Each structure stands twice: as structure tokens, then as C-alpha cells.
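Protein chains: 2
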Amino acid sequence: MREPSSMTRRTLSKTFGLLGLALAYGFSGHVALAQSALPSWNDTAARQRIIDFVKATTTEGGVGYVAPADRIAVFDNDGTLWTEQPFYIQLGFMLDRVKALASQHPEWKTKEPFKSILDGDLKGIAKGGEMGIVELGTATHAGMTTDQFNKIVTDWFATAKHPKTGKLYTEMTYLPMRELLGYLRSNGFTTYIVSGGGVEFMRPVTAELYGIPPQQVVGSTIATQYAIVGDVPVLHRLPKVDFVDDGPGKPAGINKFIGRKPIFVAGNSDGDYEMLRWVTAAKGPGFAMVIHHTDAEREFAYDRQSSFGKLDKTLDEAERRNWLIVDMKKDWKTVFANE
Amino acid sequence: MREPSSMTRRTLSKTFGLLGLALAYGFSGHVALAQSALPSWNDTAARQRIIDFVKATTTEGGVGYVAPADRIAVFDNDGTLWTEQPFYIQLGFMLDRVKALASQHPEWKTKEPFKSILDGDLKGIAKGGEMGIVELGTATHAGMTTDQFNKIVTDWFATAKHPKTGKLYTEMTYLPMRELLGYLRSNGFTTYIVSGGGVEFMRPVTAELYGIPPQQVVGSTIATQYAIVGDVPVLHRLPKVDFVDDGPGKPAGINKFIGRKPIFVAGNSDGDYEMLRWVTAAKGPGFAMVIHHTDAEREFAYDRQSSFGKLDKTLDEAERRNWLIVDMKKDWKTVFANE
Chain F
278 MREPSSMTRR TLSKTFGLLG LALAYGFSGH VALAQSALPS WNDTAARQRI IDFVKATTTE
338 GGVGYVAPAD RIAVFDNDGT LWTEQPFYIQ LGFMLDRVKA LASQHPEWKT KEPFKSILDG
398 DLKGIAKGGE MGIVELGTAT HAGMTTDQFN KIVTDWFATA KHPKTGKLYT EMTYLPMREL
458 LGYLRSNGFT TYIVSGGGVE FMRPVTAELY GIPPQQVVGS TIATQYAIVG DVPVLHRLPK
518 VDFVDDGPGK PAGINKFIGR KPIFVAGNSD GDYEMLRWVT AAKGPGFAMV IHHTDAEREF
578 AYDRQSSFGK LDKTLDEAER RNWLIVDMKK DWKTVFANE
Chain Z
278 MREPSSMTRR TLSKTFGLLG LALAYGFSGH VALAQSALPS WNDTAARQRI IDFVKATTTE
338 GGVGYVAPAD RIAVFDNDGT LWTEQPFYIQ LGFMLDRVKA LASQHPEWKT KEPFKSILDG
398 DLKGIAKGGE MGIVELGTAT HAGMTTDQFN KIVTDWFATA KHPKTGKLYT EMTYLPMREL
458 LGYLRSNGFT TYIVSGGGVE FMRPVTAELY GIPPQQVVGS TIATQYAIVG DVPVLHRLPK
518 VDFVDDGPGK PAGINKFIGR KPIFVAGNSD GDYEMLRWVT AAKGPGFAMV IHHTDAEREF
578 AYDRQSSFGK LDKTLDEAER RNWLIVDMKK DWKTVFANE
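Respectively, the protein sequence lines represent chains F and Z. First residue of the first sequence? That's 278 in my numbering, and the numbers climb one at a time after it. First residue of the second sequence? That's 278 in my numbering, and the numbers climb one at a time after it.
The hints are simulated quantities; they were obtained by calculation from the structure and are not laboratory data. Keep in mind that this is a model prediction, so the values were computed, not measured. Hints are not guaranteed to be accurate.
Intra- or inter-copy, both count: the list cannot distinguish identical chains.
Claimed, not checked - Within a straight-line C-alpha distance of at most 16 Å, the following computed EDC-like cross-link-like pairs (lysine to aspartate or glutamate) qualify:
(1) K441 x E574
(2) K538 x D424
(3) K560 x D508
(4) K428 x D547
Bound-form chain F, shown alone:
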């Protein structure tokens, strides 16, 4: 396992007391872990299946045993580790960037999708078609160096708030999933994010939010170009898509960045379908879970079709492929840390 940073240790210690510290260091025994593991999960079959799988893969000499180096776990991000409603957090970033940059772009007043954003008309964003969306992405994600973009994202996360709850976006992560990440790591798993979101949009916050360092974040990328400015080498972010880590791109991304087949996968939409298939088709152990957003009161309830993605084919096939459907309302005692 990758050791949690001292910052993560402090955060875990503050949040969970001694248990968190023990989890962070992975010193506790498996039985003790199983009893105290995943405290924000209700004591349902879902929680038990996760614990049984981890127990099987870590029991030396058992039929399901997996060596630590092969204990790779991959997690989708939007809707799996943090909320994706009423829109992806990265879209929230784009909307705020358009407003922040509008004075430098008078042409946006009459050009979609910028016009709709500046008019506060979210539904109008799609008016410019797919090209408009790509233009929105590149206008807000390219044209600066990687260091500059890192700072823009970091600064944004420090204050940006969720439109419905008014909490910081960084407070909109699911506590049960953060516990699951820690539980897996304390059992020798290496945890990765495999998300359709931009790699460099996620990396500035994943270590603090999830204990996942930059090199364990797989996602969509745009092309960069090396240049010397003054005597200093920089990487310019170009307005050009390099890799889309979504749908069939997810197994390709896992192969490209990780180069191993994971044995544990969590997702929440048909954008994760191919990744779910990839992990569970391998010979040997393969555990897949699908987060089902069923809790209108504590989060959002949306089923097969939402404004930002589908959960259709995946639900259809979950039972026969033995994928665990996690019912947020039923299986989670707590959704957010600070409810």
C-alpha cells in the first residue's frame, strides 16, 4: 500500500480518532478490522459482501488469495466518490471560469454556450452542440501552463460551493466511500481513480479528499507542449483533447496508466460499464460494485436516465454478472461527513 501522507493521517485521525489512525497505518488485524470496518455503512448484505471479498483476497493460503502487488482497486469519481448532481463538479468549475473570464471575452455575450452560461440559462448550454461543449472545455482548461492550471483549480476548490447544499464542493464526497478506500488500503490494496473527468482537474484535491496521490489518478487528458519561457521549462496546455477516459476508454486508460488488471471496481453509470466488464472478466477474483442513487432526501435520487449520464445496461446486467448494487438509501448510514 502507499502510505497516507502526514496530512491525510492528521485528517483521518481528526475524523475517526484512533480507529482512523489504525486504519491509516494498516496495523490492525483482519478480524478487528472486519468488526469495526466501514462504520458509515449499515449492516446489510452489501457491507458484508465487501468485507467477505477483502477477507478472501487477503487470507494467505486461501483459494481467493491475491498478492498485495495485484490488489488494485479502481474507482469512478463523479457519482461514485463525490456528488454529480445537479451537474458534474467540473462543469461547475467551467461555469465559474466563464464568468471570471467574461470581461476578457466580449464576444461571449452573443456566442453559445458562453451566452447561456452568462445568462444563467443552464439548459441552454447544449444549444451550441457538441462543438460548443468542446469549446467550453478548451476555453476554461487550456491556454495556460500546467502549474498555472493547478493553481487555478486549487484556488477554485478552496471557495467554490455546491449550488444546492451551499457546502464546499470538497465537502460533497461520500463518507462511506472514503471509508471503503481506507479499508482497502489498510488491507494492502492500491487505490486508483479512473474517471471521465480531467486528470489535472482532480489531482490537486484527490490526496486530501481520498488519500489518493496524483500518480494514482487516471482520467481524461488534453495535449501539452513543452516550451522554454525565459530559461524555465514549462508545459503549455493546448486546446486539443488527448484522451477521453470514459466508456470503452476506461479499460484502455487502466491498461495505459496502470498496466495491471484491477480486482476491485466501483462505478455508478453506463460510462463505467466497460470497466466493470474488464475487471470482472479476468480470471481469478474480481469484485464490482455499482452505486445506485436512491436517496432524494440526503443526496439525489435518479435512476436509469439522468441529465448527466445513464445507468441502464449496467443495471440490466448487474444480477447475472454478480455485480453488487449499493442502494445509497438502504446501505449507507451516513452519506456526507457533516450531515
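Assemble the complex: chain F is given as a structure, and chain Z must be docked to it using the hints.
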């Protein structure tokens, strides 16, 4: 740092007793380490500079201290970790693949660069121009699944031999560099390969040769495509270059795959120049070393211009940028493990 697995801990403990265990956990004093470190290096200024840098970055409270999570070290592969003469090992693979596949491709008898390869005319390979080289690469690296390619490469390395020494290619790694990788890891560094070679050509052997797992190998990639064959998901390797991890591509590759700035870099040609600049331009500590092939007797001697790469601009600027030039003949006691 990546914690050593329990298996590694046990092995070290068995082999070296308490000292090994202390090393595995990084608890031992630096002086003890420094005395036994890098035994295949002569006691020259080069060895001392490496040890001094590691000591500075790992001494808590010191001005040069670097937290373990930021101790990222990146290594070129060809000519830095294993031999690249008389040709890149990956070219050796291509030559053998062309011969193995020739009976299925009667047209190769008259088509460059295949004709020259089948005629044993190495110098003629370039006759087909750049397009010919790309065609050679895709003919030998694409058209199969990722699992199939992994097996082809693994099988090839099991028997393929170096044309000059007659040793297995896997015996052509530099012992001093393998010691350096282990020394850095025992001091909390995470070690990566950042090579112009194909990621999936290197990954099957890097764990065994260098202790570097697949997810820590950055290199050139070709595009893959997800497909279902029968009911099994596979990734097809397409005859299409995805990313070239060479020259200015190396900082881009580091940014894309690792997402952190390394503090230690080793290379041996102008293909590493931008990566050397990238690592040593960062604020804070940055150590760069350049392997200079000066030993015609034990390996090969080539200087500013060789058949497969240049070391020109890099040598010119090494002194003023404080990059360490490692003189193989002078600084290495041993070159290969089994001399």
C-alpha cells in the same frame, strides 16, 4: 514511499536479519546506509554526490529535506538501465518478429524495411524512410490483444540473446544502476522508468529486472480499442501511435502519468535533455545524472554521435547546469552482474 510488501519484509529479514528489516522500513541511520550503499560503484566523486543528495533529501529538519511522497526518481531505460548497442533491444525484438512472421507475409521479400531485415542487412533498414520504420513498428507491435502482446514479449525475453555478447538481453542491465534504484527506494524514493521505448514492451520485465512495477513504467504507447470477443472483453492494439515519450515528450509523459515533478533524473542522450531540464529547473532539490558510455572493453564507447541517438547538447550544458556526468569506465567497478 511505497511500503515494502510483507513478502519483501520477510525476505529482507531472513536475508539480512535486523539490518534488512530496518532498511525495509527506512529506520536505519544514514551513515550505516552510506557505507554499504552502491557497492558496484567506485569510490569516486560521482558516487559521493549521489549519496550526499540522498542524505540531504532524507535528513529531517535539514534544508534539503523532501517529504517521502515527493521523492520521485525517473530513469531513462535504453543506455541508462540496460545496453542500447549495437541497437535498441526493442529493435532486436522487431527484427526477430519480422523473421518469425515472414512466412505469413510473402510481400516482405521485396518490401522495405522488411526486405533488408530478412536479408540480414541492418544498414538497409532505413531505406524505407520514416514511414518504413513506423510500418515496421506497427507490423510487430499491433494487430493482437494486449494479453497476446504481453505473452509474445515475455516469451521473447525468455530466450532472446544480445548479438555481441551472446547473453540474454535480460542480463544486459547495468548492475550499478540496479543498485542505485534499490538504494533510492530504501531511502523512500519511488522509482519510475521514463523511456522512449514502448510501455508494453518494457512492462513484462521491469519488475523482475529493476523492481519497478508496471504502473511505474512511462513510455511510448500505441492506441488500443476495447472489444468483446465471445463474451470476453479485450483490448486490441491498433497500428496507430498514441504517444511518443521522447525528447520534449518526456516532461509531458511525466506530467501525464505521474503528475508530480521528480527530484531525481537519470538519462544518457539528448532524448533526455528536456527531462533533465524539467527536473532541475523546479524550485527545491533536483538531481540530474547522465551516463557517459566510455568503456569499449566492458560495454561500448560512444560519445556525441552514435547510430541510435546523440549526446551533444546535454554534454555541452552539463557543467553549467550542475548535471553529474557518470563515466562508466571510471565510476563503475562492475558493469554487468555476471562479468
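Hints and how they fare:
For the identical chains of this complex, K441 and E574 are intra-copy neighbours only, at 12 Å inside a copy versus 72 Å across copies, given an alpha-carbon limit of 16 Å. In this assembly of identical chains, the alpha carbons of K538 and D424 lie at most 16 Å apart only when taken from different copies (11 Å versus 32 Å within one copy). For the homomeric pair K560 and D508, the shortest alpha-carbon distance between copies (13 Å) is at most 16 Å, but the shortest distance inside one copy (51 Å) is not. Taking the shortest Cα distances, K428 and D547 never come within 16 Å of each other, neither inside one copy (32 Å) nor across copies (31 Å).
Violated hint: 4 only; the structure is consistent with all others.
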